[in-house]
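Asker: Here's the letter readout for the chains.
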Amino acid sequence: MVNSPSQRTVIGQRLRRPDAPDKVKGTALYIEDLDFAGSLWGGVLRSPHAHARIRKLDTARARGVPGVRAVITAKEIPGRNVIPMVQSDWPVLAQDFVRHVGEGVAVVAADTREALAEGLAAVQVEYEPLPALLDMEEALAAGEVMARYKVRRGEASVALTRSDLIVVEGTYQTPYQEHAYIEPNGMIAAPDGTGGVVVHGSMQCPFYVQKGVASALGLDLNRVRIVQTVTGGGFGGKEDAPSAPGAHAALLAMATGRPVRLILTREEDMAVMSKRHPARVQVKLGATRHGHLIAAEIDYLLDGGAYATLSPVVLFRGTVHACGPYRVPNVKVESRVVRTHKVPCGAFRGFGEPQVVFAFEAALDELAERLGQDPLVLRLKNALQIGDETITGHRLSESVGFREVLEQVAAASDWKRKREEYARERGTVRRGVGLAACYYGVGLGAMGKHLNPAGANVVVAGDGSVTVAVGTTEIGQGMVTVLTQIAAESLGCPPDAVRVMEADTSRVPDSGPTVASRTTVMSGNAIRDAAAKIRAAMEPVIADSGLPWREAVALCVQKQIGLAAHGWAVPPATTFDLATGQGEAYVCYSFSANVVEVEVDTETGETRVKGVWSGHDVGRVVNPTLGEGQVEGGVVQGLGYALTEEHALRDGRILNDQFSTYIIPTPLDVPEIKSVLVESPFPWGPYGAKGLGETPIIAVAPAVVAAIHHAARIRLYTLPATPERVWDAIRALPPPGEAASG
Amino acid sequence: MYPTSFDYHKPRTLTEAADLLKKDPEARLLAGGHSLLPAMKLRLASPTALVDLAGIKELAGITKTGDALRIGALTTHAAVAASDVVRSSCPLLAETAAHIGDFQVRNRGTIGGSIAHADPAADYPNALVALGATVETGGAAARQLPIEGFYTGLFATGLGPGEIVTAVSVPTYGKGTGGAYEKHRHPASSYAVVGVAALVTVGGGKCTKVSLVVGGVSVNPVRASAAEAALTGQAPGDAAFAAAAARVGDGVAKPISDLYASGEYRVHLASVLARRALAAAASRA
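Taken in sequence, the protein lines are chains L and X.
Following the working numbering, the numbering of the first sequence begins with 1 at its first residue and continues without gaps.
Following the working numbering, the numbering of the second sequence begins with 1 at its first residue and continues without gaps.
Among the hints, a few may not be true.
[Said to hold, decoys possible] For each label pair, taking beta carbons as the anchor points, the in silico distance ranges come out as:
1) 416(L) to 152(X): 53 to 61 Å
2) 102(X) to 461(L): 36 to 44 Å
3) 146(X) to 660(L): 31 to 39 Å
Simulated from the structure, these hints should not be mistaken for lab results.
For clarity, every value in this text was computed on a predicted model and none was experimentally measured.
Just so you know, even glycine gets a beta-carbon here, dropped at the ideal spot from N, CA and C.
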């Protein structure tokens, strides 16, 4: 039967991922698996200095190395020496100055790996080291501000002086975080034989890479074809950053006339590719004795590194979400991202929220303690509901499932009982539970609205098989499966008739970037738009025939009905005033809350996470298995952020550039994670769906730290909560006798 | 990364192996390879040749003679951990072996390799020093070397050129004596950030003999003599264990400090783990 779109049969089903068998069997082809006949090895000579003037750059010797086919520096770039992002400051290759350790100075292509190493070593560079800004506070004092935002609502400073308020105050520090995608960045570029270039690679946003490559080569976009290969994870790290290796490989391919493979080692990827911004957040938060939030002042500072990439947009998202999903009538947020001589930070799942949410939620936990209130009760009391305004004055008229999320995670985790019972623990190893919450504006919102529309081409073949072409990408999150379900639902065809194509800029429309938890909503709506056009063409022919899908299609073919359509989705308008930070920052919000249970060894400072209950209002669950997958993956990444992940730097150089020293959670460290998916439909979203990509990581660290407080009575203001930091805080506690009297 | 290129030899006898080492001073012995191969991939080691010991039959196996176990150098950690004779006559060693690394490391890594590699974060040396083991060598020299004094610095031992660890001889213990191994494992590698081995003999209501060795805090295992002396002659009990454990730092002049843990924290961990190990050992005596 051709199902009517109102009879939902596919949405909400646990459809198996079409890409799963290949990935499980090892037959999926990642960039490293591809082999192009006659390809060369490409590599990058990188700056050893955080900041230096390039006095001399001589490639003659390198060019003479046997097997070396090309050496390219900034002056051999045929197009613009800039990777187009938010600000035009990021060079493809360093020109005159290097501004961070690892910045590309020259690229080399050679016949063999050995010749490449020899060629890179033979490039002669004379550096004049310059003083480097390595500290974000010093950069701020030096006026090196890339971008700043504010939110002004009510009179926060005045309100915080009210004598009837309980006020907590704190300064919080968060570290770098690695995306730790399972596959490092890599590209293979080849001339297309007609003056253009084809670049295959691991990436999230082929149309960003296309812009970067076209700009560097001085070509029109239609001469640059970007093909996304099966991609081993992105998490934001393959949003802006892959344009650099893409441009490097393409420059070498055009210079040599041969395919060039430029695949980063793990150590190189960790040392030079983008990361989550380190942050310093000052929070001052006041509430009445009954626990009604009255005012918040937040000063949010991000370390952007040497180039802006997407930092201003990251900062914007953090700024407008600074007070979480709560009603706060008086708010003052000042935020800045500063330029330092360190690796450029960029997009990362959560996008500027995890840092500020850690600070705000930690302050809220402290406030609950000062008020003598259960942290759950305090949050419920202030939770945003329909009819409330966010701190940017956005009145929420639909799809706010936050209360349900809080209530359901509390019930699922047995919050109340554990809160009371664990508070009485006195042993060496103590249990604790903590709670934290967040919300996340879905899509690109007011700051990125020109990038937000999405296209989709849907073609029904004569045999009834359906090809869906979108420019968003499968990066492991399950996009292909979700869009297959949406296409099947909206066309009324069986899901096994649908094939979502690999992203190839010559064959798919631009659907905007695969970021901001927008893919299900935006590409999904573009597909629905195309499907509606096809259905409209089919209806007069099939009417009430009751024919199965493939026979219905055959009948349409016979009647010469065209069954292909282009769909286009543009989200509802948003308005935002940057001068006051007031307006509709995003079209809608996903809501989340986590309960985390830990055990803390109070002698060694070791924390073991015993359970996580992670709740999310996602509007509508398209595929519960994939929803749970997003939640579990995000929570694990959040646990790493909370407990182990950080970089140590010396003179701007990252010291821990491998997984033996940059510590991520393994399956041995991960407890059972219970997903709680709440459906509070977003009417404009496909079948009510909102985004889920990012909420799972955001409010994990503050819940862990709150749980550690519950167990060990210590407040941590710096992430991650390593055993040594926990021990340091425990030994700083006053002896039990003093605590009782004080 | 990829290692630099190297030759590979698989000799059948110790003499052949020693000759290969003599001919090429940059050659290295390969046993389980779980320390050497990663070091080669990181280019921390670039040997010109690997001399694989796997073909030398006499290096395998566990035998018990009188009150000592003789464990061949190529015996894997998993084999020691699962060995009935080790578990019954020297449980501290089996317990330690079970703590090493992960499944893969335990299934490939060897006791001889661990002894000779002298990694400050290794587990075996701590237990072997506590037990008073003797290292047997062959090849260029055939000697019996007490393991206490065998270690001479960071990744350094008293082995001469061409001298190969062939076995380790470990005294067994029985009723009246208990052992325990406690460690703080590095979350990525499962190496011992700090590892503590304790052996306590209890008689007539007193701790009559105490052996306590701490690893990970210094470049080589350190015998915590002050702590041993503090507990010897005392009745076993929480206060006595705590008082002894508090002295663990006495013998550590300059503790190792790295990205994961400061020297001060390492000494603190050593003290906590020592107290737990002493208590567990005494309870098993």
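Asker: Give me the numbers of the hints this structure contradicts, sorted from smallest to largest.
Answerer: 2
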